[in-house]
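Here are the chains, one letter per residue:
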Amino acid sequence: MKEIDARGLACPAPVLQTKATLQEDNPNRVRVVVDNAASQQNVQRFLESQGFQTQLEQHGADYVIMGTCEAASVAQPEPYAERQTAAKKIMVLCATDRIGFGDDELGLKLMVNFLRTLKEMGDELWRLVFVNNGVKLTIDGSEVIADLQNYEKAGLKILVCGTCLDHFRLLERKQVGETTNMLDIVTAMQLADKVVSI
Amino acid sequence: MFPTDANVIVGLDRADDAGVYKISDDLALIQTVDFFTPIVDDPYWFGQIAAANALSDVYAMGGTPKTAMNLVAFPAKEMDLTILRQIIQGGIDKLTEAEVVLIGGHSVEDKEIKYGLSVTGVIHPARVLAKQNLRPGDGLVITKPLGTGIVNTAIKAAMASVDLTDRVTRLMAALNRDAARIMLNFDVSACTDVTGFGLLGHLSEMVCGSGTSVQVDSRQVPVIAEALELASMGLIPAGAYKNKEFREPMIALAETVPRALQDVLFDPQTTGGLLISVREEQADALVAALKAAGSGDAARIGEIMDRPEEKIWVV
Chain A
0 MKEIDARGLA CPAPVLQTKA TLQEDNPNRV RVVVDNAASQ QNVQRFLESQ GFQTQLEQHG
60 ADYVIMGTCE AASVAQPEPY AERQTAAKKI MVLCATDRIG FGDDELGLKL MVNFLRTLKE
120 MGDELWRLVF VNNGVKLTID GSEVIADLQN YEKAGLKILV CGTCLDHFRL LERKQVGETT
180 NMLDIVTAMQ LADKVVSI
Chain B
0 MFPTDANVIV GLDRADDAGV YKISDDLALI QTVDFFTPIV DDPYWFGQIA AANALSDVYA
60 MGGTPKTAMN LVAFPAKEMD LTILRQIIQG GIDKLTEAEV VLIGGHSVED KEIKYGLSVT
120 GVIHPARVLA KQNLRPGDGL VITKPLGTGI VNTAIKAAMA SVDLTDRVTR LMAALNRDAA
180 RIMLNFDVSA CTDVTGFGLL GHLSEMVCGS GTSVQVDSRQ VPVIAEALEL ASMGLIPAGA
240 YKNKEFREPM IALAETVPRA LQDVLFDPQT TGGLLISVRE EQADALVAAL KAAGSGDAAR
300 IGEIMDRPEE KIWVV
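Residue numbers (numbering that gives the first Met the number 0), protein chains in the order written: chain A, 0 to 197; chain B, 0 to 314.
Since the hints were made in silico from the structure, they are not lab data. Where is the CB? At the ideal position from N, CA and C, for every residue including glycine. Take the hints with a grain of salt, since some may be wrong.
Have a look at the derived ranges for each label pair, beta carbon to beta carbon [stated by the list, open to error]:
id	chain 1	residue 1	chain 2	residue 2	range
1	B	GLU244	A	GLY7	42 to 52 Å
2	A	ALA19	B	GLY295	53 to 63 Å
3	A	MET188	B	GLU111	44 to 54 Å
4	B	ASP40	A	LEU8	36 to 46 Å
5	B	SER23	A	ALA36	28 to 38 Å
6	B	HIS105	A	LEU8	52 to 62 Å
7	B	ASP283	A	THR67	42 to 52 Å
8	A	LEU8	B	PRO2	10 to 20 Å
9	A	ALA36	B	GLU77	47 to 57 Å
10	A	GLU142	B	GLU244	50 to 60 Å
11	B	THR66	A	ALA94	25 to 35 Å
Below, simulated BS3-like cross-link-like pairs (lysine-lysine); rule was C-alpha separation at most 30 Å, straight line [what the hints assert, rightly or not]:
id	chain 1	residue 1	chain 2	residue 2
12	A	LYS1	B	LYS65
13	A	LYS18	B	LYS290
14	B	LYS241	A	LYS135
15	B	LYS21	B	LYS65
16	A	LYS18	B	LYS21
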C-alpha cells in the first residue's frame with residue numbers, strides 16, 4: 000500500500016503526485032488524501048483511467064481515496080506487448096464498418112456478427128484496429144459498442160485512428176479504444192504474427 | 000442598489016459583459032476591464048492573450064473597441080524587465096491587429112505578474128446586444144471550440160504536447176472581432192462570450208430572467224479533441240467543478256453525455272468564443288459565414304425553447 004498525502008495542494012498537483020507514485024512503484028494499492036473536492040474527483044478519475052477501482056471516504060475536511068488494482072500489469076503501459084506467451088499475436092484491422100460489397104444492410108449485420116465472434120480467437124486476439132469508415136463502429140450509437148467495451152475490459156487493446164475520427168468529426172463521440180496514429184498502427188503490424196484485414 | 004443615472008444602458012444590475020453609457024442619441028460608450036496572472040510561459044503570447052480577452056467583452060456587446068489602457072503588476076526588483084516589455088509588446092500588437100490604440104496605463108510593484116487592459120469602445124445605443132434577451136425558436140451558435148481550461152491545466156502538469164500547447168495558445172489569442180462583425184449581419188437576439196464560467200455557466204446567465212429555456216446538443220459542441228482525454232485523466236481545473244456545482248439546479252444533463260464531455264461543457268475558457276442566439280432560419284448561414292471567415296470550429300449547438308422554466312437540457 001502506497002500512501003500519498005496531497006493535502007494543501009491545488010489541481011493538478013495531487014494528480015501529478017499520484018502519477019509519479021504509480022510510475023515509480025507500480026503499486027497494487029494506493030491511498031491518497033486530499034482536502035478539496037476538485038482534487039478528490041480528479042485523483043479518482045486519474046486512478047480509474049489507470050485501471051484502478053476506487054473507493055472514497057471522508058474524514059472531516061479530508062477526502063481519502065483508496066485505489067485497488069487487481070492485476071498489477073493493468074497499470075503498465077503495454078501489458079500485452081510485454082507479455083511473453085506462446086500464443087500467436089493476431090491483429091485485426093477493420094477499414095470499413097461493413098463486410099463485403101453488395102447489400103449494405105447485410106454487410107453491417109455481418110460485421111456485427113464478425114466482431115462478436117472474434118472472441119473465439121481467445122488469447123490470440125491481440126489488437127483490434129479501426130481505420131477509415133471502421134471508426135464508426137467505435138462511436139455512440141454503434142451496435143457493437145458494448146461488445147467492444149467488454150473486449151477492452153478483458154484486456155484487448157483497441158486502437159482507433161485519430162485522423163479518421165477527425166475527418167468524420169467524430170472525435171468526441173468515440174466510446175471505446177485508444178485514439179491512435181499511423182506509427183502505432185504500423186508498429187503493431189510489425190509486432191503481430193498475423194494481420195487480418197477486413 | 001448602486002447609484003446610477005438615466006444614461007446608463009447597461010450597468011451593474013445586469014451583470015453583462017461590459018458597461019454601456021449613452022453619450023447622445025446615436026452614440027454610447029462601452030467600457031470593460033480584465034486582467035489576470037500568466038496562463039502561458041511565453042510573455043509575448045501572454046500579452047496577446049490578455050489583450051484579446053479584454054477586447055472580447057466589447058465584441059460580445061456588438062460594439063467597436065477604440066482605445067485601451069494597460070494594467071500592470073510586476074516584480075521589477077526580482078525579474079528582468081525584458082519580460083515585462085515582451086508582455087506589453089504582445090498586448091500592443093494584438094491591439095494594433097484590432098485597430099485599437101493604447102493611450103495610457105498604470106503599473107504597480109507586485110510579487111506576482113498580472114497584466115490586462117481596460118478597453119473603451121463605441122456602439123449605437125439602440126444596437127446593444129444584451130446577454131439576457133434570448134428569443135424562443137432561435138438557434139444557438141458558438142464560434143470557438145471548448146477545452147482551453149483543461150489544456151491549460153495539462154500544460155501546468157507538463158502533460159500537453161508542444162503541438163497542443165501551440166494550438167491552444169493561438170486559439171486563446173485569437174480575436175473575436177471577425178466573428179462579431181459577421182454576427183452583426185444577422186438577426187441576433189442575444190450574445191455573450193464564453194469565459195470563466197464555461198459554456199453552461201455563461202448560457203445559464205443568458206437563460207436566467209429570459210423566460211425561455213435552452214436545449215443543447217452536446218454532440219454538436221466543438222471541443223479541442225485532446226481535452227476529452229485529459230479530462231478523463233483528471234486534469235480538470237477546480238473552476239470547472241465550481242461552475243458545475245453552482246449551476247447544477249438549472250441544468251439537466253442526459254446520462255448519455257459522456258462524463259469527460261460534461262466536464263468540458265463547464266470548463267473555464269480564456270478568450271472563448273461568442274455564444275450567439277440567432278433567428279432559426281439564419282443559423283446555418285451564420286455558421287457557414289463564420290467558417291468562411293476563419294472560425295473553422297463554429298457550430299450550431301442548440302435551440303431556444305418557449306418554456307418558462309428557465310432550464311437548460313443537455314442531450
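Outcome of the hint check:
For GLU244 of chain B paired with GLY7 of chain A, a C-beta distance near 21 Å fails the hint of 42 to 52 Å. For ALA19 of chain A paired with GLY295 of chain B, a C-beta distance near 38 Å fails the hint of 53 to 63 Å. Checking the proposed 44 to 54 Å range against MET188 of chain A and GLU111 of chain B shows it holds: the Cβ atoms sit about 51 Å from each other. In this structure, ASP40 of chain B and LEU8 of chain A break the distance hint of 36 to 46 Å, their C-beta atoms being roughly 21 Å apart.
At roughly 51 Å, the beta-carbon separation of SER23 of chain B and ALA36 of chain A lies outside the given 28 to 38 Å, and the hint is violated. The hinted range of 52 to 62 Å is not satisfied by HIS105 of chain B and LEU8 of chain A, whose Cβ atoms lie roughly 34 Å apart. Checking the proposed 42 to 52 Å range against ASP283 of chain B and THR67 of chain A shows it holds: the Cβ atoms sit about 50 Å from each other. Checking the proposed 10 to 20 Å range against LEU8 of chain A and PRO2 of chain B shows it is violated: the Cβ atoms sit about 43 Å from each other.
Our hint of 47 to 57 Å for ALA36 of chain A and GLU77 of chain B is violated, since their Cβ atoms are close to 35 Å apart. Between GLU142 of chain A and GLU244 of chain B the CB atoms are about 37 Å apart, so this pair departs from the stated range of 50 to 60 Å. Take THR66 of chain B and ALA94 of chain A: their Cβ atoms lie about 57 Å apart, and the range 25 to 35 Å is violated. A C-alpha spacing of about 58 Å is found between LYS1 of chain A and LYS65 of chain B, which places the hinted pair above 30 Å, so the restraint is violated.
Taking the CA atoms of LYS18 of chain A and LYS290 of chain B, the gap is near 40 Å; set against the 30 Å cutoff, the hint is violated. Among the hinted pairs, LYS241 of chain B with LYS135 of chain A is inconsistent with the structure: their alpha-carbon atoms are about 35 Å apart, more than 30 Å. Taking the CA atoms of LYS21 of chain B and LYS65 of chain B, the gap is near 16 Å; set against the 30 Å cutoff, the hint holds. For the hint linking LYS18 of chain A to LYS21 of chain B, the alpha-carbon distance of about 55 Å lies beyond 30 Å, and the restraint is violated.
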